[in-house]
Amino acid sequence: MPKLIIDNIAVEVADGVTVLEAAQSVDIPIPHFCWHPALGKAGACRVCAVRMMEGPVKGIQMSCMLPAQDGMVVSTTDPEAVTMRRNVIEWLMINHPHDCPVCDEGGECQLQDYTIAGGHGIRRYDGKKRTHINQDLGPYIQHEMNRCIQCYRCVRFYQEYAGGTDFGVMGSAGRVYFGRFREGQLESPFSGNLVDICPTGVFTDKTARFRARYWDYDMAPSVCPGCSLGCNTTPVARYRELLKSIARRNEAVNSWFICDRGRFANGEVNDPQRPRTPLIDGVESSRNEALKALLFRIAQTEERYGTGSIAIVGSSRLSLEAALLLPTLAELTSSGALCYFASEEESGRTLPLFQLLTAGRSASQRDVRESDCIVVYGCDPLQDAPMLALAIRQAWRNGATVYTVGDGISLPCDVTTVDRLDAVPLSDAKNPVLIRSAADIPDQLATTLHQHDHLKLAVLFPAANSYGASKLALKHLGVSFEQAISSGDIKGVISVEADIPQKLLEGIPFVAALDWRMTETVQAAQIFFPTTAWVEMKGTFINHEGRVQRFNKVMNPGVPIRGLDPAVHPPHIHRTAPPGGEPQPAWQILAAVIEGLGGELITEPFTGEWERLRGLDAECEGVIINDI
Amino acid sequence: MEQILFRHNKPERCVTFAEYKSEGGFAALKKALAGMSPDEVQQAVMDSGIRGRGGAGFPTGKKWSFVPRNLTGPRWLICNCDEMEPGTYKDRILLEANPYSLIEGMVLACYAIGVRHSFIFIRRGYEQAATNLRRAIAEATAEGLLGENILGSGFSCDIDVHVSAGRYICGEETALMNALEGKRANPRAKPPFPAIKGLWGGPTVVNNVESLANVPYIIAQGAQWFKETAATPEAAGMKLFCVSGHVANPACFELPLGMSLGEIIDGPCGGMRPGSSFKACLPGGASTPYFTADHWGVPMDFDPVAKAGSRLGTGGIVVFDQQTCMVAATLNLVRFYARESCGWCTPCREGLPFVVHTLEQIESGNGSEEHIAILKEHVKYLNYAFCALAPGAMGPVDGLLKHFEDEILEHIKTGNCPCRN
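Chains A and B are the protein sequences, given in the same order. Oh and the first sequence: position 319 is 319 in this note's numbering, straight run, nothing missing. Oh and the second sequence: position 312 is 312 in this note's numbering, straight run, nothing missing.
None of these hints come from the bench; they were simulated from the model. Built from N, CA and C at the ideal position, the CB exists for glycine as well. Check before you lean on any hint, since a few could be wrong.
Rough simulated footprint, nothing fancy, chain A against chain B, three-plus residues with beta-carbon under 8 Å [said to hold, decoys possible]:
#1 334-346
#2 349-360
#3 368-378
Build out the structure end to end from the sequences listed, making use of the hints.
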């Protein structure tokens, strides 16, 4: 634990921590472009210069390159260090275009900030600027090479961190060029991270181009609903339109990055066809009318077909809050079935694996990154959960051996293919992780887990809250909807963000649906309530490892202004809510239904053993829950 | 005068293998393999006091001693023949005349450090030298002087000739290793130093051609003898000085280290060209601050040259006469470095073109006093670049500001280059 002094402040840091990070730890910001916590040091930009006054090294040094050591005395305010940093900015600004007003990075640009902060205000270079030809890198990433300050972050991420091969650096001296050998869409499934890590506007999000400035953004910490990994994001919205998503750091989960599938997934939220109004038999109505109609038809169904004729169906993409209210609803409707899975197939490939995740057994993305032996068994991480493939690559970069059982699985690292699971030398590994997608469990897997106590398991479940749904299904003896209807007694369904195929609803006279997506179930429903998408509400998911993560509300629900008919916008009539602003979080609709059915008014879904999740901070690492 | 590296030279052609052997070649190798331990070879090189001939002047024996002794896994020797410093051509002259001393020296070095595979990283343009080396390697291998079980000693070692793709930065040892590994020729961060973690992560020694070629003579004739071939007691050995510019007889000479600049120019160089008078010179290649007539008596050895404010560098002396515009000469040099920057770090990639632009303004008559301030600032702050390229590039600029500020001011005042009229 080296102790050093930075600007008269005593600092103690862990071994191997750089002077730059040591300064950061006591809130002394040192500018940096090429250094990045996930990519490490490069020493290329030279903007983190400080003066070492005492200690093993002296003089002007790059703080990102120096591990903190005992006895160091560091000055960040030394005049020569300040001049060096200003000079670096001046050098970078020699060729950087003055196009901030039309640059998407403007307002969230590190170069802009440091130029202002660094004190380079008067241009001394009066020659021509260097210019480049940009490339078309596909529909997601905008390329503007003239803005490049050659920090090499992009190529270090793309090639080293993510294992991409179709993007790199070419040329030398003042002509270095970061791009592809030929124009074309970036091949890496992690290419969107170039937008996040570029400290200036070379790579910007093409899908959100020219839409908003940083200070206009509606932002909040959120969680990606794309798969069961629960990667942390910061979605960005403006005027009720979800513009883009930015990766948010969580060292236990996704570290600094997210995959392209999670990032470029705005379409469904902004979809003009998205159902946004309550419907009774296809007719638009108010929330209250719809609620009354729902209560009436629940009573009618019970009256007609007896108790036990209604099924309550949730799903593994439904937030934990709503999922927690389903048992109460089931009780009040004297329902015949409480279901968390629509099909027997989904239930069959989720629950058995869930049951293997006993305390301490499940592996986080961090566990995968830090593992020394990884077994990919009967799944394709690049398809099922791309960020896990990236985590596997990091383990491999740190020296782990990666085994795949059976052929045909491609990963962004070298793999050793074995025929059978027991061919993997698990006993020799210190902290091995086995990765399996939701599927049946061969005996071999169970045996292997039994034999190797230290083997952790990462299960790639189908959806964001599969873990939560499984937990509740087991606790409340839930069955799959498919199994529930096999008796023929189910005559009414209340589907809460469930994807029930049309064929399972045949012959069921009463269907009510709550959802924010236009699904087959919604189309079949007589009564429909629009719910909010994850970015429009505060909510909770439990990820694949049992990590409970809170996401906060980014934006109000409503038709994006961009999608509005010019006849409607700007508005000519006074209204209190935005058009299309009816969606509510599913749990609030359920609470109203429960109250209508004579139950207690629920203002807080987390009660009893769940109570400790009430104040969960969206910006923490999340909490592991396997004892509830 | 006694010659070491040039003693086998034949007029207008390369020495043959048979000639080299008959004139005492490979005797050092036989001596070492038969009766000296690797440590003894290393000690002899250390005792000889030979300092690296590639520019930095680091003691060769000391460099070898940094390689950890009892480390398993491969270790490497690289001969740096990427001679791209403007004004420096000694390695080419040497290898075109005699590739065998280098081969013998490399085997001895491999023996001393415990290297199985070594490389000669050679500049792309040096086709004749590469041809000579390949021929010499084949001949030596056929005679059992290279390859498996050399001279029945049980020691084996190979040499590969790698022709560089050609960039100045490849002469920087860590960039060279990156290039050899097939990566971009960007320098690596130090530490770790190559002797600990170099080529493919193994301990690596990178030596200049001339340093290695001297090793056989140190072994054959003794460290003390080698040391005493120098002109001063402080210096050690002979040095190849390659002189160019406005002297009567520009050529590469092997001279005792410590001879004064004046002795070199007036002696083997035959003085200045008729009608020319000495104005300045680069004492050790293009990255060294200028010497002027005031430095006529400076002994051309590492420490005295450094003390006089410059560097002995590679020993590439470029002489300028009274008609040379020092601003234009400096501009020409910095243009080379700006072009040869690898593009890795900001000061070098962006700072050098700024210096070029500033010098252009001065030279074209558009200069102002502010430009001098810009140059001074760059001389100082380009020292904080990633590797030694940018600080080296500022060597001549430093010399220009130190010795020829009047000339810059004249450009600025008259709005013209005084030497062009």
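**Study point:** In rising order, the numbers of the hints this structure does not comply with
**Key:** none
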